[in-house]
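Enquirer: We have chain S already, so just place chain L on it with the hints.
Residue numbers (this note's numbering), protein chains in the order written: chain S, 3 to 73; chain L, 126 to 330.
No lab work stands behind these hints: they were computed from the structure.
Everything numeric in this text was worked out from a predicted model, so none of it was measured.
Where a beta carbon is used, it is the ideal one built from N, C-alpha and C, also for glycine.
Check each hint, because a few of them may be wrong.
Some chain S residues judged to face chain L by a derived CB distance under 8 Å, without partners named [unchecked claim]:
#1 4
#2 10
#3 15
#4 21
#5 30
#6 44
#7 49
#8 51
#9 53
What follows is a list of derived Cβ distance ranges for each label pair [what the hints assert, rightly or not]:
#10 S:46 / L:288: 54 to 60 Å
#11 S:38 / L:264: 20 to 26 Å
#12 S:9 / L:264: 30 to 36 Å
#13 S:19 / L:152: 24 to 30 Å
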Amino acid sequence: MLRKLRISGILVILGLLVEALSLCWNNALSFMSFVVVGGLLFASGVLLFLYSLVSSNDPARQLEPNIDARH
Amino acid sequence: MIGPQTLVFLLIGISILLILVVVIWPSITASRQGKTIAFLALFIIPVVAATVGASEHIQRSEQTQFCLSCHIMEPYGRSLYVDDSSFIPAAHFQNHRIPADKACYTCHTDYAMFGTIRAKIEGLHHVYVYWFGTPMHPIRLYHPYNNRECLHCHSGARSFENSPTHTAMMGDLKSNKISCTSSGCHDTYHAVDKLDQVKFWKPAE
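Bound-form chain S, shown alone (with noise of 0.2 Å):
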C-alpha cells in the first residue's frame, strides 16, 4: 500500500510536470506532449492511488501488525 502510493505520487509529479511545461508553449507538439505524455503519467498515478485505496491491505494494519492482539 506505501509502495503504491509513493509510486502513484511519483507519477502525478510527473504528470504535473509534463502539463506545466507544455503550457510554456503554443504549439501542437505542446498540446500533444500534455495530453499524450503528461496525459497517461497523470492518469496512470491518479488510478494507482485510487487502486491502493480499494485494494485489501489496510494502511493502519501495515503500521500497526498487532492492532487485532490490542482489541
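Expert: For chain L alone, coordinates are given in the frame of chain S:
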C-alpha cells in the same frame, strides 16, 4: 486577476508540495487527516489542475499562431496577407471581419452541435498525419466547405440579404445545394499555388 495559466501553475505547485509530503512520509495516511491530505494531493487537486490546464490548451488551440506553428501551414498564413480582395480569407482577415487572433478557427470550425469537439478531433488527426503520416499535397479539406460556416456570420447581414444574387438563390444556399465557394462565386480562398504571383499587404507596425 489571476490568469488561467497562473492558476494552473499555482495548483500544480500546491499539488506537488502535498504529494511530496505523502511520498516522503507515507505513514501520515494511517490517520484520518493524513488520508484526507493524500486524497486531496493525489486526486482532487491534480484533477482540478489538469482540467484547468486542458481548458487553457483548448483555448490556445483556437489561436491563429497555434495553427500556423506547423511548418506545412506557412503558405496558408502568408495567404492571409494577399493584397487582393477576391481572396476570401485575406479579405476577411485584413479587414477584421473575423477575429485576427482566431482567424483559422473562425472559418474552419463546425458551427453545428458538438461542432467544436468535432473540429478538435479533426485537429488531432491533422497532427497525427503531419508527424506520422503523409500530408496531402496539395492540402484539401476532408469535407466540402459547408455554407453553414459562412451563414453563421453572413445570414441576416444587410449586404448579404439585400444582394440580388443571393436573394435569387437563398433557399439553395441555406440548404447547401449551391456552395458559396462555387466556381464563379467566392471561389478564391488560400490559393497557395499562386502566392508567387500576387502582391502582399504589409500591415503598419
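Enquirer: Hint by hint, which ones does the structure fall short of?
Expert: 7, 9 and 12
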